[in-house]
Amino acid sequence: MTWLGVMYLLTVLALIPLGLVLWFTVSRGLPSVLHPEFFTNSFRPVGIPGGGIAHAIVGTGILVGLASLMSIPVGILGGVYVAEYAVDPWASWVRLASDVLVGTPSIAIGLFAYALVVVPVHHFSGIAGSVALAILMLPIVIRTAEGAVALIPHGLRESGLALGLPRWRVSLQLILPAAAPGVITGALLAVARASGETAPLLFTSLGNTLFKVDPTQAMQALPLTVYQYALLPYKSLQDQAWGAALVLVVMVLGINLLSRWVLRRQIRLAGQL
Amino acid sequence: MPPARRVPDRFRTVSALVAAAAPAILVVIVVILFQQAAPAVRHFGLGFLTGTEWNPVTDMFGALPAIFGTVSTAFLALVLAVPVGVAVAVVLAEQGQTTLRGILGTGIELLAAIPSVVYGIWALYVLAPWSYQHLELPISDRFGSIGWLSQPGARSLFNASLVLAVMILPTLSAISREVIRAVPRGLKENAVALGATWWETTWRVILPSARAGIFGATILALGRALGETIAVTMVIGNRYAIPPSIFSPAYTLASVIANEFNEATGTLYPAALIELGLVLILVTLVVNIVALLLVRSTSREASRAA
Numbered sequence: 286m287t288w289l290g291v292m293y294l295l296t297v298l299a300l301i302p303l304g305l306v307l308w309f310t311v312s313r314g315l316p317s318v319l320h321p322e323f324f325t326n327s328f329r330p331v332g333i334p335g336g337g338i339a340h341a342i343v344g345t346g347i348l349v350g351l352a353s354l355m356s357i358p359v360g361i362l363g364g365v366y367v368a369e370y371a372v373d374p375w376a377s378w379v380r381l382a383s384d385v386l387v388g389t390p391s392i393a394i395g396l397f398a399y400a401l402v403v404v405p406v407h408h409f410s411g412i413a414g415s416v417a418l419a420i421l422m423l424p425i426v427i428r429t430a431e432g433a434v435a436l437i438p439h440g441l442r443e444s445g446l447a448l449g450l451p452r453w454r455v456s457l458q459l460i461l462p463a464a465a466p467g468v469i470t471g472a473l474l475a476v477a478r479a480s481g482e483t484a485p486l487l488f489t490s491l492g493n494t495l496f497k498v499d500p501t502q503a504m505q506a507l508p509l510t511v512y513q514y515a516l517l518p519y520k521s522l523q524d525q526a527w528g529a530a531l532v533l534v535v536m537v538l539g540i541n542l543l544s545r546w547v548l549r550r551q552i553r554l555a556g557q558l
Numbered sequence: 018m019p020p021a022r023r024v025p026d027r028f029r030t031v032s033a034l035v036a037a038a039a040p041a042i043l044v045v046i047v048v049i050l051f052q053q054a055a056p057a058v059r060h061f062g063l064g065f066l067t068g069t070e071w072n073p074v075t076d077m078f079g080a081l082p083a084i085f086g087t088v089s090t091a092f093l094a095l096v097l098a099v100p101v102g103v104a105v106a107v108v109l110a111e112q113g114q115t116t117l118r119g120i121l122g123t124g125i126e127l128l129a130a131i132p133s134v135v136y137g138i139w140a141l142y143v144l145a146p147w148s149y150q151h152l153e154l155p156i157s158d159r160f161g162s163i164g165w166l167s168q169p170g171a172r173s174l175f176n177a178s179l180v181l182a183v184m185i186l187p188t189l190s191a192i193s194r195e196v197i198r199a200v201p202r203g204l205k206e207n208a209v210a211l212g213a214t215w216w217e218t219t220w221r222v223i224l225p226s227a228r229a230g231i232f233g234a235t236i237l238a239l240g241r242a243l244g245e246t247i248a249v250t251m252v253i254g255n256r257y258a259i260p261p262s263i264f265s266p267a268y269t270l271a272s273v274i275a276n277e278f279n280e281a282t283g284t285l286y287p288a289a290l291i292e293l294g295l296v297l298i299l300v301t302l303v304v305n306i307v308a309l310l311l312v313r314s315t316s317r318e319a320s321r322a323a
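Here the protein sequences line up with chains F and U, keeping their order.
Every letter in the first sequence is one number past the one before it in our numbering, and letter 270, counting from 1, is 555.
Every letter in the second sequence is one number past the one before it in our numbering, and letter 86, counting from 1, is 103.
Honestly, the hints are just simulated from the structure, not real lab data.
Don't take every hint at face value.
Simulated coverage check for chain F against chain U, where a stretch passes if three residues somewhere in it have a Cβ under 8 angstroms from a Cβ of chain U [stated by the list, open to error]: (1) 376–385; (2) 447–456.
Residues from chain U that face chain F, not an exhaustive set, calculated with beta carbons under 8 angstroms [as the list claims (entries may be wrong)]: (3) D26; (4) Q53; (5) A55; (6) A130; (7) L186; (8) T246; (9) A271; (10) N279; (11) L309; (12) L311.
If you want the footprint, here are the derived chain U segments under chain F, 3+ residues with CB under 8 angstroms [what the hints assert, rightly or not]: (13) 103–111; (14) 215–227.
Even glycine gets a Cβ: it sits at the ideal position worked out from N, Cα and C.
Working from the sequences, and respecting the hints, build out all of it.
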């Protein structure tokens, strides 16, 4: 057995958990997912059939949607700044801060959002959850947008400036559209990450058994459903947890694969230029 | 012709201000957490870090068991993940793009995409029972005389480290792979020209050259492992004490906060929990900054040498 063979073997070994997670999530989650009322009903107490995760799906949609509104525009502009003015010392500080923020424990971000949004109004809310998720998403958007914009050849920038365009038009109307696939991919990856996070929501959005669309109320979310139901001693709720986990995995992996496809398409199209 | 004058680049200022959101948020997080933890910090001082009792009823709070749990799960996870992660990085850093490597690479990236709560539920119902049957019981049967390998249980420090290792592997291998790729090709070609085999080049030339960067990747993975909450909480057993064995239940900083925060009443209890969060975030901050500087210095060195 060659050393390279050993390395390949270890790599395959590393992928075994992936296969197992996907296998068990599908096999244990499918029974719940196959019932349509799983997606149209909300929480039903144990013993009453027909419980579902409608409130969690809508909750995740609203929480992540609000968080995206807060973080994506700011993140893209920040990423454009770091890429366009990379010589600025401030840009390196922003880059370092983003990388550090990415690695910050999400539960600490949840505590921060709790102190900032929940404490002053004495109320758990979807807005507090969105704030926490937005803080989580921001550095991802900044770094991916920076990466996408940095790849654009200088020629495009220079031609824009040579034609007399103001600096902001060059960056926002010339460079950004050219970098769009990479930027969109980054935003999608941030959305995928935020959809799967539980810890920041534990003391901000708190969770709810009721179907809520008002973000000033506590809201349920898919990862919260998985976390809460998995730890309960009732088989019916544990099954729902697996079902919610399956929905979550399909959503997150779907977004990831979609963004890879978008990137690959861009590379293919760029090759034709 | 009139002398050229510099037009102020307003876009630069505006976008720099918007970009300031990232460092500003980081600073504000630490400040606010300090402020919220202040009652506990003032009350316990440094004794908080060495105290072992966690009693909300008598308002006695000490963080040591939680700190021990956090650090030991993270280190154990690294011990398990580093050999595999570096092997993966070496495999994926090889030149050329083959279908097999493409699939393996995509697989490793998908590992990173799976939400931690899905790892948690899988670890709780699949990994932990399996590990108890096939790892903990045999190991403790054979080596149980060594104290820290006895007392097997499904909810344990070991199982938490196991799931952590799976979760930090993608980060570790992705950064290690970039670091290995950044090693100047000339170095590898010199070794091959001198007649070195693939293993000799990898083990004696490439990896030593990438050593600092791989170390940085390890530290970065350590930072992730320290902060991971949900998957760990679901399998670690949530017992507030320094475990007698790695197969016993334990607790981590993040797990204590996740489990107890919503029920913490009074002033000292929530403040103590937030102080745990403060300890966690400060440790992670230091670890991350050290790691990032290490990884950056290796890639800068590599591009200078190339």
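Results for each hint:
Restraint check on the region 376–385 of chain F versus chain U: 8 residues with Cβ-Cβ distances below 8 angstroms, three needed, restraint holds. Only residues whose C-beta sits within less than 8 angstroms of a C-beta in chain U count toward coverage, and the region 447–456 of chain F has 4 of them, enough to reach three; the restraint holds. Annotation: interface hint on D26 (chain U) holds; nearest CB of chain F at approximately 5 angstroms, less than 8 angstroms. Annotation: interface hint on Q53 (chain U) holds; nearest CB of chain F at approximately 5 angstroms, less than 8 angstroms.
The criterion of a C-beta within 8 angstroms of any C-beta in chain F is not met by A55 (chain U), whose closest approach is roughly 12 angstroms, and the hint is violated. Against a cut-off of 8 angstroms between C-beta atoms, the interface hint on A130 (chain U) holds, since the closest Cβ of chain F lies about 5 angstroms away. At about 6 angstroms, the closest approach between the beta carbon of L186 (chain U) and any beta carbon in chain F falls short of 8 angstroms, and the interface hint on this residue holds. The closest approach between the C-beta of T246 (chain U) and any C-beta of chain F is roughly 4 angstroms, which is under the 8 angstroms cut-off, so the hint is satisfied.
For A271 (chain U), the suggested interface contact is upheld, since its CB lies about 5 angstroms from the closest CB of chain F, less than 8 angstroms. Proximity of N279 (chain U) to chain F holds as hinted, the smallest CB-CB distance being about 6 angstroms (cut-off 8 angstroms). For L309 (chain U), the interface hint holds, the least distance from its beta-carbon to any beta-carbon of chain F being 5 angstroms, beneath 8 angstroms. For L311 (chain U), the shortest C-beta to C-beta distance to chain F is roughly 12 angstroms, which exceeds 8 angstroms, and the interface hint is violated.
Check on the region 103–111 of chain U: 5 of its residues sit with their Cβ under 8 angstroms from a Cβ of chain F, so the three-residue criterion for coverage holds. Counting residues of the region 215–227 of chain U whose CB falls under 8 angstroms from any CB of chain F gives 4; the rule of at least 3 is met.
Violation of the numbered hints given earlier is confined to hints 5 and 12; the remaining hints are satisfied by the structure.
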